[in-house]
Amino acid sequence: MAKQNINKNVLSGSPRITKVSFFGRVASVFQQHFQQVFSSFTELWKTPFATVMTILVLGVALSLPSVFQVLYKNTERVSSQWDKASEISLFLNKNISEQRIQVLINKLGLYSDIETVTHISSHQALEEFKEMSGFSKALNYLDENPLPDVLIVVPVEQAMNTAGSKLLVAKLKREQGVDLVRVDIDWIEKLQAMVSVAVDIVIAIALLLLLSVLLIVSNTIRLNILNQRAEIEVFKLVGATNSFIQRPFLYAGAWYGLLGGVIAWLLTFVLVQWLQSGVVSLMGLYEVQFQISAMNLEEVFILITAATFLGFIASYISVKQYLVKIEPK
Amino acid sequence: MILFEEVSKIYAGDFVALKEVDFHLKQGEMAFLTGHSGSGKSTLLRLISLMERPTTGRIVLNGNDISNIKGNDIPYMRRHIGMIFQDHRLLMNRTVLENVGLPLLIEGYNQYEIKRRSLVALDKVGLLGKEDYEPIHLSGGEQQRVGIARAIINQPPLLLADEPTGNLDPKLSLEILSLFESLNEFGMSVLIATHDLGLIAKMRYRTLTLKEGLMINDGLMRERNG
Chain A
-11 MAKQNINKNV
-1 LSGSPRITKV
9 SFFGRVASVF
19 QQHFQQVFSS
29 FTELWKTPFA
39 TVMTILVLGV
49 ALSLPSVFQV
59 LYKNTERVSS
69 QWDKASEISL
79 FLNKNISEQR
89 IQVLINKLGL
99 YSDIETVTHI
109 SSHQALEEFK
119 EMSGFSKALN
129 YLDENPLPDV
139 LIVVPVEQAM
149 NTAGSKLLVA
159 KLKREQGVDL
169 VRVDIDWIEK
179 LQAMVSVAVD
189 IVIAIALLLL
199 LSVLLIVSNT
209 IRLNILNQRA
219 EIEVFKLVGA
229 TNSFIQRPFL
239 YAGAWYGLLG
249 GVIAWLLTFV
259 LVQWLQSGVV
269 SLMGLYEVQF
279 QISAMNLEEV
289 FILITAATFL
299 GFIASYISVK
309 QYLVKIEPK
Chain B
1462 MILFEEVSKI
1472 YAGDFVALKE
1482 VDFHLKQGEM
1492 AFLTGHSGSG
1502 KSTLLRLISL
1512 MERPTTGRIV
1522 LNGNDISNIK
1532 GNDIPYMRRH
1542 IGMIFQDHRL
1552 LMNRTVLENV
1562 GLPLLIEGYN
1572 QYEIKRRSLV
1582 ALDKVGLLGK
1592 EDYEPIHLSG
1602 GEQQRVGIAR
1612 AIINQPPLLL
1622 ADEPTGNLDP
1632 KLSLEILSLF
1642 ESLNEFGMSV
1652 LIATHDLGLI
1662 AKMRYRTLTL
1672 KEGLMINDGL
1682 MRERNG
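The listed protein sequences correspond, in order, to chains A and B.
Per my numbering, residue -11 is the first one in the first sequence, and the count goes up by one each step.
Per my numbering, residue 1462 is the first one in the second sequence, and the count goes up by one each step.
A hint or two may mislead.
What the hints assert, rightly or not - Here's a subset of chain B near chain A, in silico, CB distances under 8 Å, partners left out:
no., residue
1, Tyr1537
2, Asn1571
3, Arg1611
4, Leu1658
The hints are simulated quantities; they were obtained by calculation from the structure and are not laboratory data.
Glycine is no exception: its CB is placed at the ideal position from the N, C-alpha and C atoms.
Please model the entire structure based on the sequences and the hints provided.
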């Protein structure tokens, strides 16, 4: 044993109040924090089953908002691609003359919010329809071409948004010889309205889930405090301050949050991978190549940091509610 | 060291635990506190160790009036008091060394110094070599010694012991009291609450006797032979 190294004078002489130098105290505070961060982590695994269950519950609860976030982000990505009136179709009057059509094309070419105007004659349209529909023989029996001449108007980039295209459509409707203006923006607006409602619902669910995380961690820490009541009393009896005693519990809460956040990230990753093949098949039906973009590094960092902070706050609530009230008996 | 001036403690329901108690324990003095169960011994110790506050009167500890001490100051004041309990109040999931070093850990000593001083304290109570045991594997007497080592490790000027020999056989009780005597010889003030009159009679120390919250005697109970 290190018996020969023991300085027996430590306890000899008159009693004194122990003093630690200022720098020694500052250094030891950091040392204590460092030790308590890791000892609180070790402490979690003294009850591995309960800890794993708690972390999994937190992970599942946190993964739902993060999956919603990924889905929302991807929906935004898709709808932002569609949120463009890339083409406006002007169906012209049946009896409009070629000369009048040319005048109209020239006039539209002067519009500052129109990039190009392409004329598809009624004859051309019918030929295309015959080719695409496969009813060419049947269409040959028609007495006259039922299709009108069409002008395909492509707005400039700035006028492709919802407001710009609406303004342009209003102007085009006023043009002489234009029978019908068709722009496929209405369904996008409806989709956006639905997405907006879905986002509100998701935010409400996410808030409830985050609240549940707060309650789960808070309750777990409360149970830890109550289980260690006798130990806390001893600490207080030998002169420990509340901040010294509460630190391991605060760190434990933060650990729960951090580990729950990591589990949430992994679950989100797995779910996104699982959804990927289905989405690719679905988008393939529309001849669109689309990959769900998973969480990026920044989002992962935000998720884990927020979860850690949430765990810390939940623990703080419990500590303030229960620990400070424990007094030695 | 400890000054009680007309200290009363009245609990809810008008139960008078202490009634206008006056006494003064000087620095380096050792005394017994005795009385039947419910006489107010534990209340008196609880007042000194800041687990309770007096209803009326003034308590001065080490020159500080602790009657209306702020809650935030209590931990720092407790570091000047070594407390020993009948039920030892040890942390059973920690080693003897960790138990003994607890007050130093709280005060911010480094691990090396904590270990060094803990071993010295354990040596003082005759438990060197058992530092890595958990208290659950020690006998009652040994657990009490661990409690004593923890109480003296930061050399407090005052040692309070509440029935320290309550669960021990007479031989072990005398050994523990001898330990208190040796600590007192170093200048530590020692106040021991016990209802073991036989034990008190064997020692030649001042004895404070409480009865129904009143201090009915303050002096030597009986001179020790020799």
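Here's how the hints hold up against the structure:
no.: 1; hint: Tyr1537; in the structure: holds, 7 Å
no.: 2; hint: Asn1571; in the structure: holds, 6 Å
no.: 3; hint: Arg1611; in the structure: holds, 7 Å
no.: 4; hint: Leu1658; in the structure: violated, 27 Å
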